Amino acid sequence: MTRLSTAFSKAHPALVAFITAGDGDTAANLDALVAGGADVIELGMPFTDPMADGPVIQEANIRSLNAGTTTADIFALASAFRKRHPDTPLVLMGYANPMTIRGGDWFASECNKAGVDGVICVDIPPEEDPELGPALRSAGIDLIRLATPTTDVARLPAVLDGASGFLYYVSVAGITGLQVAAQTSIDEAVARLKGQTDLPVAVGFGVRTPEQAANIARVADGVVVGSAIVELVAQHGASAAGPVRDYVASLKHAIVAARKA
Amino acid sequence: MTITERTPNSFRNQPDERGHFGQFGGRYVAETLMPLVLDLEREYRAAQQDPSFAAQFDDLLEHYVGRPSPLYYAERLTEEVRKDAPAGKGAQIWFKRDELNHTGAHKINNCVGQILLAIRMGKTRIIAETGAGQHGVATATVCARFGLPCFIYMGAKDIERQQPNVFRMRLLGAEIIPVTSGAGTLKDAMNEGLRDWVANVHDTFYIIGTAAGPHPYPELVRDFQSVIGKEARAQMLSRINRLPDLLVACIGGGSNALGLFHPFLDDKDVAMLGIEAAGHGLDKEHAASLAGGRPGILHGNKTYLLQDADGQIAEAHSISAGLDYPGIGPEHSWLKEIGRVRYDSVTDTDALAAFQLLCRTEGIIPALEPAHAIAAVEREAKKMDRDQIILANLCGRGDKDIFTVAEALGTKI
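Residue numbers (this note's numbering), protein chains in the order written: chain V, -17 to 243; chain C, 225 to 637.
Calculated Cβ distances over 12 Å to all of chain C for the following chain V residues:
(1) THR(-16)
(2) LYS(-8)
(3) ALA(-7)
(4) VAL16
(5) LYS65
(6) ALA96
(7) GLY97
(8) SER120
(9) GLN165
(10) ALA173
(11) ARG190
(12) GLU213
(13) ALA216
(14) GLY224
Pair ranges (Cβ atoms, derived):
(15) V:ASP228 / C:HIS426: 30 to 40 Å
(16) C:GLY346 / V:SER91: 41 to 51 Å
(17) V:ALA17 / C:GLU539: 33 to 43 Å
(18) V:ARG174 / C:PRO373: 28 to 38 Å
Derived, one-sided and incomplete: chain C residues facing chain V with beta-carbon distance under 7 Å:
(19) GLY250
(20) ARG251
(21) VAL253
(22) GLU255
(23) THR256
(24) MET258
(25) PRO259
(26) ARG419
(27) ALA423
(28) VAL425
(29) GLY520
(30) ILE521
(31) ILE537
By construction, these hints were calculated from the structure, which means they are not laboratory data. Here the structure is a predicted model, which means the values were calculated and not measured. We put the CB at the ideal spot given by N, CA and C, even for glycine.
Please build the complete structure, drawing on both the sequences and the hints.
Given below as structure tokens:
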């Protein structure tokens, strides 16, 4: 069992929590995510041109880069996290260029050394898999693919080919943090995806209230929350850990309760 | 438009079926866009096989855009350059006059092609990004012509320095959406265009303005722009019964250069020179991706990019808003690597001087973009024999730039 598969085989759906590396006190905020009950951590790699992100995460990327965050800093944050939290899976999420600029093998090897469990790359679709996929797979790092409302039944097998860890369902055709998908469309999509894969299905984009998290938890294997946490980091700066922990705990409570109900 | 013939041992048979030009190009987009990009490719292949598509494209280019554009021998410029050339040197300078097109630049060729594709695909809303505003004006123009709503993303800094084009787009019924993220230039406008597209995939067609972006954009933009080189090649042969020795064009994303170069790529005696914007100088702020960048992934394709060691994209600088982009179309990256095309750069200062030189010697006010090519033409002509021929693409007219040039020259207007 990998750390990711363990996280997705608990009695309740997994809470997947995102923050941007280098935005605020990242080490303290990562600890706060774990303390609040996050089952999987997504650590965003800042990029100058985050084409799939809404204003909240765009601004987090700018804050992080303006503070001088480098790729080496991100791996240092990941390594230190791994020492403090041996069992919590950590996934890097970001864009192709920072991940591939020194070659896919270099990136996969750094992930391995830092104890990173999986990678989500927004702009490497299955068609460009050779850029990163083979390197990650041979280093034992899960390549987590994205499915979206535009990924139809005919295309899904291509997305699943080479995917591992979990399947991230992007519930709206759009950018992060803005729109909210209708719950009925999420229910249908998750049922469809689970009919075609045994991978756990986590649902994200636009999730911000415990109630939404609970509704998704009733049908999916995981709930991803990003922009709402990043907003707390923006609002509270260096002292965001407390509010982040409390907010994550409220989401976790709702998710656990949803499956008991 | 005719279908590019695919023969072995040709420089003209790129990209491969996955949209790669050697290691460059590809389809590096979010999954939400991927089905749409595949749809576009299918629709483009169908259009290439459909004689009615080519007929409609050709008809609009002739009667709406005003093609063919003239091929012009710049006699006084040639004489002027010969004055400081070594004895026997000073090649003849010819221009392909794409600045005479409707809307004042080569951009309209591509927009006509893409809006016909959008209509074929049943899309009802058009978006585009623009830097100098020429692509925005061309997009707004074809949207008005076909009655489709048009939304143009433009960097806030570019809106400031391209006011005449902003007003033109509004007159044409387009909505201009200012982009304040990043440096507020073309790169940032393209990010916002992609964000809009991802949120509106069901009804929206993204008219990309240069031969870049995810496959099949670099290919189809090149094909639509290749009308420039096809005409020029035929015009050269009919006027003087020979091909030019050297082709020169400026490069931002590189669509005007590819449009001129591509039909000549297999003419082995025709040399080609692409001119990037060296801004304040290659050791300072500039926009020369091939000279100062290295391969990376941005905006849907792999190509040379200005970036740091971690792959963070740098801000470009050029006096010309249309060249102010930290990347370049992937086919240029490939042509550089295989050595078929030579690439060089020209600074803001030299482009400004060439801008004024063309005004004075030929009575043509060029855009600042081709002013870069003209500066390179001066340099090259002095090294070449008098019986040799340089053909440069005069891809845009300079009406839009007179305020920028006035400011640079310290004149108030």
